[in-house]
Amino acid sequence: MFGSALNPGSLADGAVRWATFESEAMPHVASLFRVALWLTRDTAEAEDLLQETLMEALRSFHRFAQGTNCRAWLVSILYHMQGKRRRTAARLQLVSDAEERIAETTAFEPPTPQNVTDEEVLEALERLPRAFQEVVILADIEEMSYKEIASALEVPVGTVMSRISRGRKLLRAELASYANAHGFGRSTPHQISQKEPLRKP
Amino acid sequence: MQCREFREIADSYLNNELIVETNHGVISHLEQCAECRQELKARRELRGKLRGAFLQSPGNQLPAEFADRLRAQLHDYALGKHGVPPLVSLLGWRSYVRPMPIIWIALAACLLLIIGAGLVLVRQRVVQPKGDEIAVNKQRPTDSLNPAIPVSIVKTELARSAVGDHRDCAVKFRLAEKPIDLEAAGQKYDPVYVNLTKAVLSQRGTGPLDAQFIEAHSCVYQGRRFAHIVLKYRGHLVSFLVTDIEPTKRLQSESDPQVITCSEFDGYKISCFETARHAVFVVSDLTEGDNLALARALAPSVFAHIIRSENNA
Numbered sequence: 000m001f002g003s004a005l006n007p008g009s010l011a012d013g014a015v016r017w018a019t020f021e022s023e024a025m026p027h028v029a030s031l032f033r034v035a036l037w038l039t040r041d042t043a044e045a046e047d048l049l050q051e052t053l054m055e056a057l058r059s060f061h062r063f064a065q066g067t068n069c070r071a072w073l074v075s076i077l078y079h080m081q082g083k084r085r086r087t088a089a090r091l092q093l094v095s096d097a098e099e100r101i102a103e104t105t106a107f108e109p110p111t112p113q114n115v116t117d118e119e120v121l122e123a124l125e126r127l128p129r130a131f132q133e134v135v136i137l138a139d140i141e142e143m144s145y146k147e148i149a150s151a152l153e154v155p156v157g158t159v160m161s162r163i164s165r166g167r168k169l170l171r172a173e174l175a176s177y178a179n180a181h182g183f184g185r186s187t188p189h190q191i192s193q194k195e196p197l198r199k200p
Numbered sequence: 000m001q002c003r004e005f006r007e008i009a010d011s012y013l014n015n016e017l018i019v020e021t022n023h024g025v026i027s028h029l030e031q032c033a034e035c036r037q038e039l040k041a042r043r044e045l046r047g048k049l050r051g052a053f054l055q056s057p058g059n060q061l062p063a064e065f066a067d068r069l070r071a072q073l074h075d076y077a078l079g080k081h082g083v084p085p086l087v088s089l090l091g092w093r094s095y096v097r098p099m100p101i102i103w104i105a106l107a108a109c110l111l112l113i114i115g116a117g118l119v120l121v122r123q124r125v126v127q128p129k130g131d132e133i134a135v136n137k138q139r140p141t142d143s144l145n146p147a148i149p150v151s152i153v154k155t156e157l158a159r160s161a162v163g164d165h166r167d168c169a170v171k172f173r174l175a176e177k178p179i180d181l182e183a184a185g186q187k188y189d190p191v192y193v194n195l196t197k198a199v200l201s202q203r204g205t206g207p208l209d210a211q212f213i214e215a216h217s218c219v220y221q222g223r224r225f226a227h228i229v230l231k232y233r234g235h236l237v238s239f240l241v242t243d244i245e246p247t248k249r250l251q252s253e254s255d256p257q258v259i260t261c262s263e264f265d266g267y268k269i270s271c272f273e274t275a276r277h278a279v280f281v282v283s284d285l286t287e288g289d290n291l292a293l294a295r296a297l298a299p300s301v302f303a304h305i306i307r308s309e310n311n312a
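Residue numbers (numbering that gives the first Met the number 0), protein chains in the order written: chain A, 0 to 200; chain B, 0 to 312.
No lab work stands behind these hints: they were computed from the structure.
Small disclaimer: the values here were computed from a predicted structure and weren't measured.
Hints are all accurate, no fakes.
Under the rule of at most 30 Å between Cα atoms (straight-line distance), these lysine-lysine pairs were calculated in the BS3-like manner: (1) A/Lys168 to B/Lys40; (2) A/Lys168 to B/Lys231; (3) B/Lys177 to B/Lys40; (4) B/Lys40 to B/Lys231; (5) A/Lys168 to B/Lys177; (6) A/Lys168 to B/Lys48; (7) B/Lys177 to B/Lys48; (8) B/Lys177 to B/Lys231; (9) B/Lys187 to B/Lys177; (10) B/Lys177 to B/Lys197; (11) A/Lys146 to B/Lys231; (12) B/Lys40 to A/Lys146; (13) B/Lys231 to B/Lys187; (14) B/Lys48 to A/Lys146; (15) B/Lys197 to B/Lys187; (16) B/Lys187 to A/Lys168; (17) A/Lys168 to B/Lys197; (18) B/Lys231 to B/Lys197; (19) A/Lys146 to A/Lys168.
Work out the full structure: start from the sequences and follow the hints.
See below:
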């Protein structure tokens, strides 16, 4: 639509390109910044990554199919830009470590605690292994669909579903253990069943 | 739909990622189960809190000055006023999308290694069944109950406890006490628990039917501790439970576990066998024949494991 490179034929082409890009892509800048910040854990690096991402998006904007989800497309580019870092051994180690933690936690499905504060929720999210934080953030905070996340991360949808399920379970387990340690949160399932008898399904 | 199944897909339900039929199943279950309604409400609230906290966190806000500068740069770039902005390193992106030939060579080598390893694994599977699948001997008659076998541990409170543990732990997740790792429990409470999972999963037979391993832990139901291995067989949850009993003088041969069935409790079928110091239960809502067949398929290696452990104790 706009040509393949930023060497447009005329100023008018550039103006049209910018107008379209501004209406489609720019509303997602804040969301992209949050994802970039999470990926880099550093404000300056996140800014650089975001800038690179948007520059590449602008250069490749002719490939974007209008009417589709622009934010998912941008997140996909963001992950491409961060690709080399994503494929390091350190990251794989984190996933492996997570699997061990899962083995310890999936034996019990804790009830979801209530009355937790924002800080406690964010701290619990911070304690999750990165592979699980990633999908929880994209799904629950950025509200991307499983398919969009799979496309951005270049993994099968089944992997996304599995990671999201485990990530949320770990998050609940983190909050439940915190709640138990500090004596707050939802009452135990036994207490609930005494108050509100379970109707057998 | 059971509570366990609901809780596995509850998050996908909240994300509207389920197919219509599954959605109907969820809604139907929620209409009947107050506990799961409460759980869904709590999860919805937790998601809302997580999103709100993350979005409002001061550290996650896009700096306004940077946003303005970025917008101006992009605008100028789109209009061809500037070349590459100073902070941008397009070389990195291009080098990523166009990997150097040596990377392709490395990738090809890895691919060959993976294919080779895969062939070896496939070859091994042909020789013997997969480790995490349990082979069930279909040819064993499932209705060959032996009335002569002493029914010392069936129709007892022990069997009721086994059913209660299956229901409250495996199906409904409502035990008051959090289960602990099975191997750790083996070190602390009962050496029989150590490597019990391996004994269950190492069972072999002919005409295999796959039972899927779900999890293994040690849990307590009404004061009684169990080693609890949860399996899925023909779409049903199955609990394999081991607990200690008062030492008895067993009548049967120690090399031959006598697996028997007994009356159902609360709609769950129970098959069991015992050693000198342990009772073993297989509890599920399978048919009586399937439950017994599964128990019989699992029994030999587990029986040998427990006997070995008891003799070493």
